[in-house]
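Asks: Here are the chains, one letter per residue:
Protein chains: 2
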Amino acid sequence: MLILLTNDDGIYAPGIAAAYHELTKLGEVHVIAPETVQSATGHGITISTPLLTQRVVVGEGETAFEGIAVEGRPADCVKLASAKLLPRQPDLVVSGINSGANVGINVLYSGTVAAAIEAAFLGLPAVALSLYLRNHIPADYARTAQLSRRVIEQVLEAGLKGGQVVSVNLPPLLPDQQPTGVRVVRQCARPWADTYEQRNDPRGRPYFWNTSVFTLGDTEDDTDVAALRDNYITVTPLHFDLTHYPMLKEWRDRPWRA
Amino acid sequence: MLILLTNDDGIYAPGIAAAYHELTKLGEVHVIAPETVQSATGHGITISTPLLTQRVVVGEGETAFEGIAVEGRPADCVKLASAKLLPRQPDLVVSGINSGANVGINVLYSGTVAAAIEAAFLGLPAVALSLYLRNHIPADYARTAQLSRRVIEQVLEAGLKGGQVVSVNLPPLLPDQQPTGVRVVRQCARPWADTYEQRNDPRGRPYFWNTSVFTLGDTEDDTDVAALRDNYITVTPLHFDLTHYPMLKEWRDRPWRA
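Protein chains in written order, with the working numbering: chain G, 14 to 271; chain E, 14 to 271.
Hints listed in this document are in silico derivations from the structure and should not be mistaken for laboratory results. Be aware that a few hints might be false.
[Said to hold, decoys possible] In silico BS3-like links for lysine-lysine, alpha-carbon gap of 27 Å or less:
| hint | chain 1 | residue 1 | chain 2 | residue 2 |
| --- | --- | --- | --- | --- |
| 1 | E | K97 | E | K38 |
| 2 | G | K174 | E | K262 |
| 3 | G | K262 | G | K38 |
| 4 | G | K97 | G | K38 |
| 5 | E | K262 | E | K38 |
| 6 | G | K174 | G | K97 |
| 7 | E | K97 | E | K174 |
| 8 | G | K262 | E | K262 |
| 9 | G | K262 | E | K97 |
Whole structure, please, built from the sequences with the hints as guidance.
Replies: Structure, rendered in structure tokens:
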């Protein structure tokens with residue numbers, strides 16, 4: 014199995030290294046990822062500037078591995094890998110492990126998820142992996158990668174097809190703690206209120222810092238947010254048809270005029 | 014009616030000026046838009062750097078208007094406008110007029126659409142406007158804005174609610190040409206094949222230019238792509254719950270294990 018591994022935290026992030034070592038148990042892993050951190054870039058792509066690439070070695074000693082760093086966005090990495098850099102089309106595209114959860118409407122801001130959706134655009138099966146970080150629990154990427162690999166095996170058993178994409182979120186776990194289980198859940202679509210702090214620059218011009226703190230807020234019982242808060246590993250199948258079909262049906266036959 | 018007007022081509026783009034002048038017929042228009050071009054930024058947001066803002070005058074003479082330029086992404090403009098810059102929550106958010114169509118899976122790359130979806134996140138009603146550009150037809154933003162305003166009036170009559178978002182695409186028209194009509198259509202979800210040209214830098218390092226040409230490709234009859242190609246004004250209601258419900262239902266009861 015040929016696996017393309019990318020992310021949005023950049024090729025030198027700890028999450029992608031941990032994922033690499035686990036995924037080599039499933040197949041031949043090609044790492045093609047952004048040179049720099051691309052968090053919250055959403056589904057941005059690069060059209061008017063060139064994509065510089067560089068073969069790099071990540072890590073040291075026995076656990077070092079090779080990859081290609083792309084000066085671009087996560088979705089660019091997937092496009093370029095598929096069009097030019099891989100020896101053949103991959104059997105699976107994995108994006109992550111992201112440092113931070115991608116649940117609720119954050120799914121739309123996430124470069125990690127965008128890379129996986131881009132793969133689905135191209136007809137490939139794709140999985141996005143994200144670790145929910147909490148201050149008082151040290152991030153254990155090796156263990157998260159192991160749990161992720163087991164979920165990926167089950168996703169493949171379930172028959173993930175080309176063009177399908179699932180987003181997997183993993184709970185933060187203390188060393189002696191187990192995940193509650195695995196739940197297949199929908200994306201919470203509740204709004205997320207941003208807060209900003211205003212300051213003035215030395216010339217008196219106002220500028221604003223986003224001061225929002227990511228928390229798993231109020232939600233319904235059957236969502237990614239609820240399940241992740243209960244320490245489940247969450248699996249959310251995603252699609253990329255943004256059409257609102259009930260509105261479409263309601264509005265289609267109105268007497269529109271140009 | 015208080016209208017927030019933003020875009021992704023930047024506050025000095027011709028499309029936003031044309032939209033401004035038409036929308037003043039519907040209410041009080043506040044222009045808060047990116048300082049610079051933000052095409053294809055998708056739903057990126059700014060978290061770790063400050064958002065600089067500046068009060069600017071756009072245009073000259075009688076048609077000049079004031080606005081706030083934000084050094085950030087389209088979605089940042091909407092967040093910041095709602096949280097800090099507007100005197101009260103807007104009754105309508107309009108994003109555009111984008112220089113270029115936003116149909117098919119381009120909807121997910123589009124900063125124009127992301128701004129409108131961001132407004133819907135915040136519980137506001139939102140409309141994205143995009144003009145399909147063709148080389149042999151000069152872009153007429155004034156006329157496009159007039160057609161857009163008429164469609165917005167009908168969208169409001171149809172009862173666009175807070176949290177709902179529609180993407181409107183307008184066809185390129187020769188001076189003596191009329192749009193075929195208005196059609197409410199779904200987003201085409203077909204893949205889009207990118208092409209890249211490889212070059213080598215003076216030190217021999219490979220880099221890649223995206224050489225894809227946007228065309229309205231093969232599609233089904235009932236999509237935005239098909240209708241826009243037939244010179245219709247297209248109206249596509251969008252949502253932001255990316256859950257793939259049929260897969261969710263199929264996978265939920267499998268024997269998942271952590």
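Asks: Failing hints, ascending?
Replies: 3, 5 and 9
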